[in-house]
Amino acid sequence: MSLVRVTDLTVEFGGLRAVDGLSFTLERGAALALVGESGSGKSTVASALLGLHHGTGARVGGSIEVAGTDVQAASDGELRRLRGAKAAMVFQDPLSSLDPYYAIGDQIAEVYRVHTRGSRRAARARAVEVLDRVGIPDSPRRSRSRPHEFSGGMRQRALIAMALACEPELLIADEPTTALDVTVQAQILDLLHTLREETGMGLLLVTHDVGVAAESVDDVLVMRHGRVVEQGPVVGVLGAPAQPYTRELLSAVPRVDAVRAPSQVSDEVVLEASGLRREFGRGKRAVTAVDDVTLTVHRGETLGVVGESGSGKTTLGRMLVGLLEPTAGEVRHDGHARVGVNPAVQMVFQDPVSSLNPRRSVGESIADPLRARGERDEGRIRERVTELLERVGLEGAHYQRYPHEFSGGQRQRVGIARALAADPRVIVCDEPVSALDVTTQAQVVALLGELQRELGLALVFVAHDLAVVRQVSDRVAVMRRGRIIETGPADEVYDHPRDPYTRQLLAAVPALDPEAAARRRAARRELASA
Amino acid sequence: MNGFGGFLMRRTIGTLATLLAISVIVYVVFYVTPGNVAQITCGPRCSPEQVHQVAQQLHLDDPLYVRYWHFLQGLVAGQDYSTGTSVEHCSAPCLGLSYQTDQQVLSIILTRLPVSLSLVFGAMVLWLVLGVGTGVLSVWRRGRLTERVLTGLTLAGWATPVFVIGLVLMIVVCGELQLLPFPQYVKFTDDPEQWAWNLLLPWLSLALIESASFARMTRASMLETLAEDHIRTFRAYGVGERSIVGRHALRGALAPVIALNANNFGSAVGGAVLTETLFGLPGLGQELVHAVSVVDLPVVVGMVLVIGFFVVLANAVADVLYAVADRRVVLT
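So the sequences go chain by chain: H and B. Residue numbering for the first sequence follows the numbering used here, beginning at 1 and increasing consecutively. Residue numbering for the second sequence follows the numbering used here, beginning at 1001 and increasing consecutively.
Think of the hints as simulated: they come from the structure by calculation, not from any bench. Glycine included, each C-beta is placed from N, C-alpha and C at the ideal position. Treat each hint with caution, since some may be false.
Okay, the calculated bits of chain B under chain H, using three or more residues with CB under 8 Å as the criterion [unchecked claim]:
1. 1226-1236
2. 1248-1254
Taking CB as the label site, the calculated pair distances span [as the list claims (entries may be wrong)]:
3. B/VAL1164 x H/SER63: 54 to 64 Å
4. H/ALA518 x B/GLU1147: 53 to 63 Å
5. B/LEU1008 x H/ASP138: 28 to 38 Å
6. H/GLY283 x B/ASP1191: 53 to 63 Å
Take these sequences, add in the hints, and give me the full structure.
As structure tokens, then:
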């Protein structure tokens, strides 16, 4: 009997069909990835397996069988006995997925007691045991910590520990590493791999990241608009995709080993920073976010700044634009020292949703920099905004529309148009594509490249994704703990990294080729034990 | 300075500054308020000479800053007051003498404060139990008849004036059923049992009104918490609804309840005028209203300072409770 058997599953929310005629099986001990872009219905499927749509007003059709339970026909009590005991779920954002008010050990113990009716003491002991199992150091003491006292990676380990508490037959992991840094992601994926080897539990991995899937599973199911596009062994589907959409998806994934055609870089320095330093807080609580950073950006060039969360890359970007004053050091623009914001250096922000005012039309948002420069002629403003909208691949008629009417990629295009409005010479892009799907990401990256060639822009591209940074950058600076630890031409840094940290970062990037992934996993184990 | 000691010190300094500012504002407001204070104090049948004498005696003709300076002096060092026939010494901290009765303001407050605190403390316990209980129940039974009935009741409670509930309670419980005597304030130190029996109806009528807003607040913030991701986690792990509502959602909803409670407690100490009047309780609120109507400045200032003190105190306690309820909160 299969561990999971889903036949002709449909899920409808109101009039919207999120999942449409999906069928698949997962054998005991096997691993399957549901891969798709946002809105493909992959998370909806994951929730349906645990009957989480019961009582939410969603209409679920077809049949779902998980670990011998008919989820569609099961009573509330039967569903509760399935959830956590036979099939456990790990969620994307480990901070919001744990109750902030209770100790982590208590939360795991609570879940354990629900299913085993064991004593409080036994449940607590079990919590410490599973926390230890997922690699939380000093687990008896750390089990008394609240979630906010854990780092992102440790929180995700704690959630996995909760999943392990009752020794489930199936682990459902919904984007388990999306919120994590690349080195932490590799650790969590390796942990899942090891746990699977040891416990023999089945894994259903839900992810938008083809690389993560290639690292972790035997079979893959590519979803789009709630339907199956292609399914089969991971080597076959990712190695020789049969469907055009799968091919499109794969080609959009940035490769960390791809060499890029260089930009036309001139010798003219448009932006330089020397000895930049920024502290937050005072006294004993002072944190140095950026420490002694010196860099130059030439006309027509892209400088990639790559680093993990907390490395200071965003703080650096903000200082370059003038949104933050440096504690020490200076930013020079075209050879002049600069204080405050300057129209010649613009910024594109990470989150295209929150960086646009939801109550103003996108045209008005794009017109802001023009008005700030003193343009008063409404006709000219209108004309320029229309031109900008068309330039970034939108329509002039979009002037009156509001941000919520656009998709994520379109909103980021609006953000780029707004940055262009001031005729900048430099654009600092802070994680401009990290909130976007890979195919959209590829389009936005292509747009930035086009604009750069056409307008001779210099770009500072701040991102955590090593592959994206390689795809766009002429030169790369690797940041760690506020300092640039390695800098140089992109090909050199990626192909011949000198700093051990850069090497560690590059080793953690998921490979698209499953065989390569297995090799790299072995290499990481060596790196870790060394 | 960090930690709890630092928090206490910063709070104490902040409280003193707030109270000083309040006293200045009250002085200025009364100074610019039209009306002849000496005439009001002396009474309608006073001759112009008598009125003039009263004005002199009360220093009403002095400039504002001189009068305020006297007030501060009294507060720090004590003050001697001439009442026409004798000189009365008022030792520090002296809040002055009532224009009306020549009684020391501090002693007026000290006789009335226990009444107000008795009323508000008891009512607070009741409104927390009733309000939070109703909120939890209506969340637990959400979408069913129970919730709709409770929502209707709390809305009605919110809209009903306290004297209506109080009167109905008194007529039914004391009049018709004769279960309790008509309330009369008995000191706690004299007879704790009688104290409680006599305060039962005032507590109930104040609490019933207040509990409505607690029920609404509890319900709203629990529903908000229920929509959060960590609730989904526990659902996905088979944790039952009782534990999800009673343990996880309620805990997440505590912070706004604590805040609301601090606010309501603080304002009820001096603001439960209707309840006090209805049940004949000689509390602060009643006295304050009377003092304002006869422009008895020292009494008003003293009262306002005491009430302000309790508002600030209630909020400081709330901040400590926040930090206890949510470990992420750092006291500053």
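Taking the hints in turn, this is what the structure says about them:
1. For the segment 1226-1236 of chain B, the proposed coverage by chain H is satisfied: 8 residues have a C-beta within less than 8 Å of a C-beta in that chain, meeting the threshold of three.
2. Given a C-beta distance limit of less than 8 Å, the hint that chain H covers the segment 1248-1254 of chain B holds, as 3 residues qualify and 3 suffice.
3. Between B/VAL1164 and H/SER63 the Cβ separation comes to about 59 Å, which falls inside the hinted range of 54 to 64 Å.
4. At about 55 Å, the beta-carbon gap between H/ALA518 and B/GLU1147 stays in the expected band of 53 to 63 Å.
5. In this structure, B/LEU1008 and H/ASP138 meet the distance hint of 28 to 38 Å, their C-beta atoms being roughly 33 Å apart.
6. Restraint check, H/GLY283 to B/ASP1191: a C-beta distance of roughly 56 Å satisfies the suggested window 53 to 63 Å.
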